[in-house]
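**Student:** Generate coordinates for the entire structure from the input sequences, incorporating the hints supplied.
Residue numbers (this note's numbering), protein chains in the order written: chain W, 825 to 1215; chain C, 825 to 1215.
Among these hints, one or two may not hold up.
Which copy? The list can't say, so a pair holds if one copy fits it or any two copies do.
[Unchecked claim] Dumping the calculated EDC-like pairs for lysine to aspartate or glutamate here, alpha-carbon to alpha-carbon at most 20 Å:
(1) K872 <-> E1015
(2) K989 <-> E826
(3) K989 <-> E913
(4) K989 <-> E947
(5) K989 <-> D1210
(6) K1170 <-> E977
(7) K1165 <-> E1214
(8) K872 <-> D1109
The hints are simulated quantities; they were obtained by calculation from the structure and are not laboratory data. These figures come from a predicted structure and were not determined experimentally.
Number of protein chains: 2
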Amino acid sequence: MEAAFADRITDVPRSFIREILKVTLDRSVISFAGGLPNRDLFPIAELKAAAMRVFDEEGADALQYGPSEGHAPLRDYISRRYRERLGLEIPPERILITSGSQQGLDLLAKTFLNEGDDILIEEPGYLGAIQAFSVYRARFVPVPLTESGMDIERLTGAMASSRPKLAYMVPNFQNPSGISYSAENRRAVAEAIGGTRTIIIEDDPYGELRFDGTPAPSFGALAPENTILLGSFSKTVVPGFRLGWIAAPPAVMDRLLVAKQASDLHTNSFSQRVLARYLLDADPDAHIARIIAVYREQRDAMLRAIDGHFPGSVRRTRPQGGMFLWATLPEGASSLALFEKAAARKVVFVPGTPFYIGRDDAPTMRLNFSSVDAATIAEGIRRLGDAMREG
Amino acid sequence: MEAAFADRITDVPRSFIREILKVTLDRSVISFAGGLPNRDLFPIAELKAAAMRVFDEEGADALQYGPSEGHAPLRDYISRRYRERLGLEIPPERILITSGSQQGLDLLAKTFLNEGDDILIEEPGYLGAIQAFSVYRARFVPVPLTESGMDIERLTGAMASSRPKLAYMVPNFQNPSGISYSAENRRAVAEAIGGTRTIIIEDDPYGELRFDGTPAPSFGALAPENTILLGSFSKTVVPGFRLGWIAAPPAVMDRLLVAKQASDLHTNSFSQRVLARYLLDADPDAHIARIIAVYREQRDAMLRAIDGHFPGSVRRTRPQGGMFLWATLPEGASSLALFEKAAARKVVFVPGTPFYIGRDDAPTMRLNFSSVDAATIAEGIRRLGDAMREG
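**Tutor:** Okay, structure coming up:
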């Protein structure tokens, strides 16, 4: 077959992480490279009970084609939770259930982006978003992150020099950096974008996984007219169900539904019902509290190990939640070279490079602490420190 | 929010069928408009048993992120079944599990279609495919169908006057017409397209639901170098799991994987494992035989009722399988006007118009026989015949 591919697909960056994961197939390798939630915390028994109820009580309904919008009780639950957690009034009619929030990104890109449209992203930014938007050949306008959020000066500069149709942000425990936007920073971002035609996509997969500190307001509250929200159950329940959502104004929902129908008709009906049953019958808050307790301990273990084993010249963030921590080597150091040395010592991480647009060898690295226990973290970080000290 | 939508999304035809389905919410309306498999035949107990085994034996693995290619045992099963059913040698590495075959269409469009590329489709054609390809702003080249398949003269004409990158065909029990391509017709199609750069997308959701007649060879055998296969478990098991697949050459698989990752990372891991368990533990062939027995009876009931109640001027197809039958009113008659009269008599169908590209009021109609029992079919067709005779 002499396949003539679409230009869009030849433009998409290969998932560097997939390559790295191959290394980690070797069980003796300690991996901080993944982005997986901790499988030991999956509520298997509760989900099994919920699945039983769905088979017994909803049988054929749960296995037939379903509405493109998603399962009503699940949309109701998400709406209630926005009210209870964030004080946001988002009626169920404004919530579209998606096949994971990665599909949320694809549907938003499909709905908004013409080739060459500007899209504002964080630097470093989430790889999945960069991939999804690349498919639609958007022009990326990266704005650097600081410890406390967006670099406001650079943001206002970007808003003045480009016409971003969308602005993609992960304000809580950002992937890859682990930083969170401060309340002040969020107000400044809302100030800079509110009233323009730019739409903020607030992606919040980790927001409920807060270890310490106090939550800052969502852009859904600070710039409601300019904000579309993305959510996911992958980090708070399980990723295998591929269940997330988009919360958008009615006019946008209308278009998103067309995109959803064209993309896969609707999201898995059975898993939506099992999840809804689980959320209503079990105690999801107690489960999230368990996840927080474990991840906090693992984050602390990683912070201690880094401060004990990394050279003083290496800077690192101190995430208040989520799954990732970000380290910065001295200017000029190569994280790709470090990756080779580390892999030889059977420890891996994700070099920062793929999280930037068009950068060759960033001296930064992403370290995941959610899927490795405290003792293994200590050992892995020690090996990594040794690799850093290698001539 | 002043949303500036992408051009692509404003081009997509609204799903006319969604509008029609609203009418059918009234329980007293007999609907031949749907495209749903018969829910009474869902193997609920077997799927429940399979789900239990997955929770007990594969627990966390089934709930964690999974490979973008899909669950290996499911890909192996599909590969074996191609060998056993059709004598096609398609190794598992060439099979990508998708979120229903609707996603297969989206991924293929994403991978191959630049704006304005020609795509050859059947006339009348499958609405889901028209929607999926419209999103990528392809230029449709419709080729009329005859009782025995593609109109070969029109096909060769289209191949000469356009450069179709893709040719979308449903050779078995086509949706909406119910017709199948004869062996001769398939050879002529393979002749016309084989050796060109055009890729045949053979979509076969109904192929296993054959009531009578003998299977004709797949384009995967007649034009292997030019063919990509699409499959689905929605009609043979359940649609609610949203599980289908693409079988493509390695070079194409490579690109499809990039598109898949960007679209939703991977398909629901849990449902893939439940389906694989079901297929291995239960007796899917006995289940398919039950579906065939019921659908055959319902098709026969519809043929009898049509021949008894429709005016002699109305032509209809005689599907050898699948879920749909196609009727053609006398030239000049309006199926949209008939729809209004029929709805008043509480019976609905899908007027042919949306199955054509840029046609206003085709005198044709799609009748679904899979989800309505024989007695209801007789009553519904009688009402429809009365509506046809109305002045």
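**Student:** Against this structure, judge whether each hint is valid.
**Tutor:** Evaluated hints:
1. In this assembly of identical chains, K872 and E1015 lie within 20 Å of each other by CA distance neither inside one copy nor across copies; the values are 46 Å within and 52 Å between.
2. For the identical chains of this complex, K989 and E826 are inter-copy neighbours only, at 10 Å across copies versus 36 Å inside a copy, given an alpha-carbon limit of 20 Å.
3. For the identical chains of this complex, K989 and E913 are neighbours neither inside a copy (25 Å) nor across copies (47 Å), given an alpha-carbon limit of 20 Å.
4. In the homo-oligomer, the alpha carbons of K989 and E947 lie at most 20 Å apart inside one protomer (18 Å), although the nearest pairing across protomers, at 38 Å, exceeds that limit.
5. Taking identical chains as interchangeable, the C-alpha atoms of K989 and D1210 are never at most 20 Å apart, the minima being 45 Å within one chain and 54 Å between chains.
6. Taking the shortest Cα distances, K1170 and E977 never come within 20 Å of each other, neither inside one copy (41 Å) nor across copies (64 Å).
7. When the C-alpha separation of K1165 and E1214 is checked against a cutoff of 20 Å, the pair qualifies only within one copy, where the shortest distance is 8 Å, while the shortest distance between copies is 83 Å.
8. In this assembly of identical chains, the alpha carbons of K872 and D1109 lie at most 20 Å apart only when taken from the same copy (18 Å versus 28 Å across copies).
Checked against the numbered hints given earlier, the structure breaks hints 1, 3, 5 and 6 and satisfies all the rest.
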